[in-house]
Amino acid sequence: DQQVKQNSPSLSVQEGRISILNCDYTNSMFDYFLWYKKYPAEGPTFLISISSIKDKNEDGRFTVFLNKSAKHLSLHIVPSQPGDSAVYFCAASVMGAGSYQLTFGKGTKLSVIP
Amino acid sequence: EAEVAQSPRYKITEKSQAVAFWCDPISGHATLYWYRQILGQGPELLVQFQDESVVDDSQLPKDRFSAERLKGVDSTLKIQPAELGDSAMYLCASKGAKYTGELFFGEGSRLTVL
Chain A
1 DQQVKQNSPS
11 LSVQEGRISI
21 LNCDYTNSMF
31 DYFLWYKKYP
41 AEGPTFLISI
51 SSIKDKNEDG
61 RFTVFLNKSA
71 KHLSLHIVPS
81 QPGDSAVYFC
91 AASVMGAGSY
101 QLTFGKGTKL
111 SVIP
Chain B
1 EAEVAQSPRY
11 KITEKSQAVA
21 FWCDPISGHA
31 TLYWYRQILG
41 QGPELLVQFQ
51 DESVVDDSQL
61 PKDRFSAERL
71 KGVDSTLKIQ
81 PAELGDSAMY
91 LCASKGAKYT
101 GELFFGEGSR
111 LTVL
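Protein chains in written order, with my numbering: chain A, 1 to 114; chain B, 1 to 114.
Hints should not be assumed to be uniformly reliable.
[Unchecked claim] 30 angstroms max Cα-Cα, derived DSSO-like pairs, lysine-lysine:
{"hint": "1", "chain 1": "B", "residue 1": "LYS71", "chain 2": "A", "residue 2": "LYS109"}
{"hint": "2", "chain 1": "B", "residue 1": "LYS11", "chain 2": "A", "residue 2": "LYS109"}
{"hint": "3", "chain 1": "B", "residue 1": "LYS95", "chain 2": "A", "residue 2": "LYS68"}
{"hint": "4", "chain 1": "B", "residue 1": "LYS98", "chain 2": "A", "residue 2": "LYS68"}
{"hint": "5", "chain 1": "A", "residue 1": "LYS106", "chain 2": "A", "residue 2": "LYS68"}
{"hint": "6", "chain 1": "B", "residue 1": "LYS95", "chain 2": "A", "residue 2": "LYS54"}
{"hint": "7", "chain 1": "B", "residue 1": "LYS98", "chain 2": "B", "residue 2": "LYS71"}
{"hint": "8", "chain 1": "A", "residue 1": "LYS54", "chain 2": "A", "residue 2": "LYS5"}
{"hint": "9", "chain 1": "A", "residue 1": "LYS109", "chain 2": "B", "residue 2": "LYS95"}
{"hint": "10", "chain 1": "A", "residue 1": "LYS5", "chain 2": "A", "residue 2": "LYS71"}
{"hint": "11", "chain 1": "A", "residue 1": "LYS106", "chain 2": "B", "residue 2": "LYS71"}
{"hint": "12", "chain 1": "B", "residue 1": "LYS62", "chain 2": "A", "residue 2": "LYS5"}
{"hint": "13", "chain 1": "B", "residue 1": "LYS98", "chain 2": "A", "residue 2": "LYS56"}
{"hint": "14", "chain 1": "A", "residue 1": "LYS109", "chain 2": "A", "residue 2": "LYS56"}
{"hint": "15", "chain 1": "A", "residue 1": "LYS71", "chain 2": "B", "residue 2": "LYS62"}
{"hint": "16", "chain 1": "A", "residue 1": "LYS54", "chain 2": "B", "residue 2": "LYS11"}
[To be verified] Every beta carbon over 10 angstroms from chain A, so not counted as near; a handful from chain B, in silico:
{"hint": "17", "residue": "GLN6"}
{"hint": "18", "residue": "THR13"}
{"hint": "19", "residue": "GLN17"}
{"hint": "20", "residue": "ILE26"}
{"hint": "21", "residue": "GLN41"}
{"hint": "22", "residue": "GLY42"}
{"hint": "23", "residue": "LEU45"}
{"hint": "24", "residue": "GLU52"}
{"hint": "25", "residue": "SER53"}
{"hint": "26", "residue": "ASP56"}
{"hint": "27", "residue": "ASP57"}
{"hint": "28", "residue": "LEU60"}
{"hint": "29", "residue": "LYS71"}
{"hint": "30", "residue": "SER87"}
{"hint": "31", "residue": "LEU103"}
It should be emphasised that the hints constitute simulated quantities derived from the structure, not laboratory data. What you are looking at is a predicted structure, and each value in this text was computed from that prediction instead of being measured. Backbone N, C-alpha and C fix where the C-beta goes; we use that ideal spot for every residue, glycine too.
Pulled out of the complex, with its shape left as it was, chain A reads as follows (with noise of 0.2 angstroms):
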């Protein structure tokens, strides 16, 4: 049963605009959310991250909304520029258990056209 589902493979955004990447999760315990962007044939790199006390945090171009109720979060690029392009993994933990573990969705392949 997968736990955090991001159920977009691939989006295409125009360079400029905005790119909307979502991310449902089924585990109320988890309490820390991240995205990673990963380049082929690279390891993931840290974007972004949100604690559930927060619904919003930004930095940069990039922000994430957490909304609990619906256990769904999102991330936002304004504007999406061609450098933008990779895949973006939605991950979560649940901090209080002292595991830190991360659990992944499949992942959101993003491509910004110019």
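Mind docking chain B on chain A? Use the hints.
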């Protein structure tokens, strides 16, 4: 900038052969993880170490996989014998004592089993 080192980057082997992957985490990071990412899927945890001790290896196929971190620094993941279904990216990650939520990943080792 400190980073997680992994080798080899690429490994091609025939089924039934033995393979080994090496990881050197960021200096001072006591917690080390091995994840496996099959193409089209998100990373899945195989084993987690705290110093030299295994914290969680519940998802490690112990009939053919083994992992060790003898001195609590670098780590080796071994597969013997390799099977076709083991073809994947093997990712090592680490985190420091001051846990800010994210794990730091290496560039991965891409395994192809023929």
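>> According to the definition I'm using, a residue is off the interface if its beta carbon is farther than 10 angstroms from all beta carbons of the partner; does B/GLU52 meet that for chain A?
In response: holds (17 angstroms)
>> Does B/GLN17 clear chain A by more than 10 angstroms, comparing its Cβ with all Cβ atoms of that chain?
In response: Nearest chain A Cβ is 23 angstroms from B/GLN17, so the label holds.
> Within 30 angstroms, alpha carbon to alpha carbon, are B/LYS62 and A/LYS5?
Replying inline: Given that 30 angstroms is the threshold and the Cα spacing comes to 28 angstroms, the pair holds.
>> What's the verdict on B/LYS98 and A/LYS68, does the C-alpha distance respect the 30 angstroms limit or exceed it?
In response: Distance of about 26 angstroms is within 30 angstroms: holds.
> Closest CB-CB distance from B/LYS71 to chain A, is it above 10 angstroms?
Replying inline: holds (21 angstroms)
>> So if I understand the rule, the pair passes when the alpha-carbon distance is 30 angstroms or less; does A/LYS106 with B/LYS71 pass?
In response: Distance ~34 angstroms between A/LYS106 and B/LYS71 Cα, so the pair is violated.
>> Hinted pair, alpha-carbon criterion (30 angstroms max): B/LYS11, A/LYS109. Please report holds or violated.
In response: Holds - the C-alpha atoms of A/LYS109 and B/LYS11 are around 25 angstroms apart, at most 30 angstroms.
>> For a C-alpha distance cap of 30 angstroms, please report whether A/LYS71 and B/LYS62 respect it.
In response: violated (34 angstroms)
>> What's the verdict on A/LYS109 and A/LYS56, does the C-alpha distance respect the 30 angstroms limit or exceed it?
In response: This hinted pair holds, its Cα atoms lying about 23 angstroms apart.
> Beyond 10 angstroms from every Cβ of chain A: is that where the Cβ of B/LEU45 lies?
Replying inline: B/LEU45 not clear of chain A: closest Cβ-Cβ about 6 angstroms, inside 10 angstroms.
> Does A/LYS5 pair with A/LYS71 here, judged by a C-alpha cut-off of 30 angstroms?
Replying inline: holds (10 angstroms)
> Does the claim that B/SER53 lies off the interface hold, with its Cβ farther than 10 angstroms from every Cβ of chain A?
Replying inline: At roughly 13 angstroms from the nearest Cβ of chain A, B/SER53 sits farther out than 10 angstroms, so the non-interface label holds.
Checked against the numbered hints above, the structure breaks hints 1, 11, 15, 16, 17, 21, 22, 23, 26, 31 and satisfies the rest.
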